[in-house]
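Engineer: Given the structure of chain A, go ahead and fit chain B onto it with the hints provided.
Chain by chain, the residues:
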Amino acid sequence: MTYKIGLIIDDKRYEAIRDLPFAGSLKSMFGGEIKILEVDVDEETAKRILQAFPSARVDARGYLEDLPVAFKRALFEAVVKTRSLGKEAIEEVFRNIEAIKELAKKEKEYVPPP
Amino acid sequence: MPVIEPHGGRLVNNVVEDADKARTYWELPTRLEIKPTLGPDGAPIRNPYREVMSIAYGFFSPLEGFMPWNEVESVLKERRLLGGWLFPFPIVLDVTEEELKASGARQGDDLLLTLKGRPFAVLKVEEVYKLPDRRELADAVFGTPERNGEVVKKRFDEKHPGWLIYRSLKPLALAGKVAVVNPPRFREPYSRFWTPPAASRRLIESKGWKVVVAHQTRNVPHIGHEMLMKRAMFVAGGDRPGDAVLVNAIIGAKRPGDYVDEAILEGHEALRLGGYFHQERHVVSFTLWDMRYGNPLESILHGIIRQNMGATHHMFGRDHAATGDYYDPYSTQYLWTRGLPSYGINAPPHEVDKGLKIRPVNMGEFAYCPKCGEYTYLGMSYGDVKEAPLCGHTPERISGSFLRGIIIEGLRPPKVVMRPEVYDVIVKWWRAYGYPYVTEKYLKLKEEALEVEL
Numbered sequence: 014m015t016y017k018i019g020l021i022i023d024d025k026r027y028e029a030i031r032d033l034p035f036a037g038s039l040k041s042m043f044g045g046e047i048k049i050l051e052v053d054v055d056e057e058t059a060k061r062i063l064q065a066f067p068s069a070r071v072d073a074r075g076y077l078e079d080l081p082v083a084f085k086r087a088l089f090e091a092v093v094k095t096r097s098l099g100k101e102a103i104e105e106v107f108r109n110i111e112a113i114k115e116l117a118k119k120e121k122e123y124v125p126p127p
Numbered sequence: 167m168p169v170i171e172p173h174g175g176r177l178v179n180n181v182v183e184d185a186d187k188a189r190t191y192w193e194l195p196t197r198l199e200i201k202p203t204l205g206p207d208g209a210p211i212r213n214p215y216r217e218v219m220s221i222a223y224g225f226f227s228p229l230e231g232f233m234p235w236n237e238v239e240s241v242l243k244e245r246r247l248l249g250g251w252l253f254p255f256p257i258v259l260d261v262t263e264e265e266l267k268a269s270g271a272r273q274g275d276d277l278l279l280t281l282k283g284r285p286f287a288v289l290k291v292e293e294v295y296k297l298p299d300r301r302e303l304a305d306a307v308f309g310t311p312e313r314n315g316e317v318v319k320k321r322f323d324e325k326h327p328g329w330l331i332y333r334s335l336k337p338l339a340l341a342g343k344v345a346v347v348n349p350p351r352f353r354e355p356y357s358r359f360w361t362p363p364a365a366s367r368r369l370i371e372s373k374g375w376k377v378v379v380a381h382q383t384r385n386v387p388h389i390g391h392e393m394l395m396k397r398a399m400f401v402a403g404g405d406r407p408g409d410a411v412l413v414n415a416i417i418g419a420k421r422p423g424d425y426v427d428e429a430i431l432e433g434h435e436a437l438r439l440g441g442y443f444h445q446e447r448h449v450v451s452f453t454l455w456d457m458r459y460g461n462p463l464e465s466i467l468h469g470i471i472r473q474n475m476g477a478t479h480h481m482f483g484r485d486h487a488a489t490g491d492y493y494d495p496y497s498t499q500y501l502w503t504r505g506l507p508s509y510g511i512n513a514p515p516h517e518v519d520k521g522l523k524i525r526p527v528n529m530g531e532f533a534y535c536p537k538c539g540e541y542t543y544l545g546m547s548y549g550d551v552k553e554a555p556l557c558g559h560t561p562e563r564i565s566g567s568f569l570r571g572i573i574i575e576g577l578r579p580p581k582v583v584m585r586p587e588v589y590d591v592i593v594k595w596w597r598a599y600g601y602p603y604v605t606e607k608y609l610k611l612k613e614e615a616l617e618v619e620l
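In order, the protein sequences belong to chains A and B. The opening position of the first sequence corresponds to residue 14 in the working numbering, with each subsequent residue numbered one higher. The opening position of the second sequence corresponds to residue 167 in the working numbering, with each subsequent residue numbered one higher.
This is chain A alone, in the form it adopts within the complex (with noise of 0.2 angstroms):
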């Protein structure tokens, strides 16, 4: 089964995308207000993601919800660096996944501002 994670995207965030091949496939809520992009995960990293973060769960849709922030902020950092929304990014974000549980059991404390 495949899973997905949704990311929200800001204006900020678009323009970090909009030259990418997938810019065009957005979701979008609140008539376009909010639009929301797709990544898709397997079922074996769907699992490694679930074990890294015992709070993540996969909701009725089959996202993957409640991530740390560092998760999430890490994954679209991913996105844009390998230009992919499937498996690319999410081993890109394995690679530091140490970091980001470091960061990630801070965030009941502590999330840097916008």
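Among these hints, one or two may not hold up.
[As the list claims (entries may be wrong)] Pairs of lysine-lysine, PhoX-like flavour, derived with a Cα cap of 25 angstroms:
no.	chain 1	residue 1	chain 2	residue 2
1	A	K121	A	K60
2	B	K537	A	K40
3	B	K607	A	K121
4	A	K119	B	K610
5	B	K607	A	K118
6	A	K119	B	K267
7	A	K118	B	K594
8	A	K119	B	K296
9	A	K121	A	K40
10	A	K48	B	K581
11	B	K296	B	K267
12	B	K581	A	K40
13	A	K25	B	K594
[To be verified] Computed from the model, here is a short list of chain A residues facing chain B with C-beta under 7 angstroms:
no.	residue
14	D23
15	Y27
16	G37
17	L39
18	M42
19	G44
20	E46
21	V82
22	F107
23	I110
24	E122
These aren't lab readings, by the way, just hints derived from the structure by calculation. Being a predicted model, the structure only gives us computed values, none of them experimental. Idealized CB from N, CA, C, for every residue including glycine.
Structural biologist: Quick look at chain B alone, frame taken from chain A:
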């Protein structure tokens, strides 16, 4: 037109402003330091100082003090004070045997209540009594599915913050009138929003507002909240320009994940500063109270507070003052249209003898319809009747958790979801506390500092 009558006919003002007179109480030999009620994990879940303030400054009029046992029984039986006026919750000052002994207080004494070690208020001790089993007391306060099946859907437990407050009370209680003898100074930004009932009434009178619709909040406002406030004004029949929205935030014990109090107050203020509400038709204020999350019961207290502040109407939305799925989401609307006979309230609160004068504006939810390009009304669900949009499209609801997800990622929510000025307030306090929501660290800081200085 005069401002609406206070609940019970007279506004309580038990604040000794005369410094010389007030100081005569400061040296009382019997004294008791006000301490927070602690939950099972040791975290503060209530601070009785907030109740002292709300009683003394008239928010809870006609209540003048902590309740004796026969008044607690009356409230539990039919939600009435001994004078017959409608009131939803027992208001109890609980102590341990050790605290009582150390205070030296006995029936008939004037007891100095201290806060942060400083003189704060005086309690005229009329009764010292033992509280019954607190689990049974908590059940009696909120109801059970068996006894109150018209609105209670699930048995209350430790996860319900209000039930936990009553469950965690100490074994003894002190009853009697209270008076503040050292009026505290509010810290910023609270001081800017402190508009107790007497001041609120003066403001309403000076502005000439005829229709004042109260809005209860414990949230930073998103557009759905703004829609509710604005549409409620139309439902209430506000005559321009003599009408206004009175936002009253409940400030008290918080839970991790809530918005911080400072952002709630300034977030609502930002709606006016941003021009989304006219400068002359909107006011933001607060009441000190550790919310009991009692949905319909809480709505009675909200009605009392806002009537005492001078509001003519009160907007009640879905899941009013609720948490979890203990109550039906439209329990408050049930109360204000039919009463709650199982709680001893046989008609809506504004239709019973010695009830409220404030009028309800019962509302369902709004959701954004991308096709219409505007917010559409969904109505209410009750029994077999389910919410349904006014338009024929598929509107999208604003989910609080989805919005929080956007914010915590550091992304600016779209304008159709949250005003940019409101988001900027969230970020301001995010920078101050290192997090956009309440954390354990914030809870600790808040309980140490409280909202006031003495």
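Engineer: Now tell me, hint by hint, if it's right for this structure.
Structural biologist: Now the hints, each set against the structure:
no. : hint            : result
1   : A:K121 x A:K60  : holds (23 angstroms)
2   : B:K537 x A:K40  : holds (16 angstroms)
3   : B:K607 x A:K121 : holds (10 angstroms)
4   : A:K119 x B:K610 : holds (17 angstroms)
5   : B:K607 x A:K118 : holds (15 angstroms)
6   : A:K119 x B:K267 : violated (44 angstroms)
7   : A:K118 x B:K594 : holds (23 angstroms)
8   : A:K119 x B:K296 : violated (45 angstroms)
9   : A:K121 x A:K40  : violated (29 angstroms)
10  : A:K48 x B:K581  : holds (13 angstroms)
11  : B:K296 x B:K267 : holds (14 angstroms)
12  : B:K581 x A:K40  : holds (18 angstroms)
13  : A:K25 x B:K594  : holds (20 angstroms)
14  : D23             : holds (4 angstroms)
15  : Y27             : violated (11 angstroms)
16  : G37             : violated (19 angstroms)
17  : L39             : violated (13 angstroms)
18  : M42             : holds (6 angstroms)
19  : G44             : holds (3 angstroms)
20  : E46             : holds (4 angstroms)
21  : V82             : holds (5 angstroms)
22  : F107            : violated (20 angstroms)
23  : I110            : violated (19 angstroms)
24  : E122            : holds (5 angstroms)
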